[in-house]
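**Q** Sequence:
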Amino acid sequence: MVREEKVLLVGDNPFHGISHLSQERSRVRGDAPTNPEFAAKLIGISVENGADGFMFSVSEKTLSILRVLREGGVVNGLRLYAIVPYAYGYVRLAGEVGGVPGLAKRVIKEISLSGNFSAMAMGLKGLLKADLEDLVKTYLAYEISRVRSSAGKSANLESVMLHQLVTDMCLGLGLDWFFRLYVDFMAKSGLRPGFNTGNFCLLVRRLREWGVDLGEVLVAAPFNRVGFQMVPSREDCEKALADLPGPNVFAISVLAAGYLKPVEAVEYVAGLPNIRGVAVGVSKERHARETFRLFREKLV
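Going by our numbering, the sequence shown opens with residue 2, and the numbers climb by one from there.
Calculated from the structure, these hints are not laboratory results.
Here are the in silico distance ranges between beta carbons for each label pair: (1) 236 x 150: 39 to 47 Å; (2) 299 x 181: 32 to 40 Å; (3) 216 x 262: 30 to 38 Å; (4) 177 x 74: 38 to 46 Å.
Model, not experiment: these values are computed from the prediction. Just so it is clear, CB atoms sit at the ideal spot from N, CA and C, and this is done for glycine as well.
Hey, can you work out the whole structure from these sequences and the hints?
**A** Okay, structure coming up:
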């Protein structure tokens, strides 16, 4: 049996980093990972050393990084896995503009300014009919257009995933219609539907119950040797992973927030079934070189 080569992705967590005193000198030099130019440089170095693409929450920060990559030609053929919404950014914005009503008005305004007429039409229809499904589709179309506009035509947007907060909240509320709507909309948009989750076992179980084809969706979930963020346990997550119909899971949090060394992380992930790829964040040039060389060598 031929083993499929794993997809290696640069994660965006360091690019959304909180400013600490220890980072101040880096920011002055311009080599902090929160600087879009330096972040783009890290992605470029990662690609040179084995990375295939970029997994990121859609925000002004990451869209700026995509624009830098496009201008530098690095984005050509880059495999993109976008996560929406950038929940923390929208929570912050809601506080600034007067809660959910103000947030909705801001998003509709941005959609109108974007010139995405199909999204505008869906949004207007949703507002007039108070149709939640149309509003969801409007938002998703808007985020897709933002990514494609920033990355350009040379990039390969493969999937748009639901953010962990949204996925897990909708799981908890049992909103099966939302998952079906999302999967159907992404499929019609020519994109692979995906879910970023902190509750892998429950997601797999619910999707089966709701008749969602697990072979047609991607999942990004924590997998690491120490069971960090693996709910309810490492053993349960590994069992659910083994029961999947094929390799459609991206392992995240593989370094367990820095507790594990890359060599420890890759040895564990390499032994798991049904892993499609890995997303790893890097904050320094040396980290980018060493981490992706190691993962490319060990993950085949």
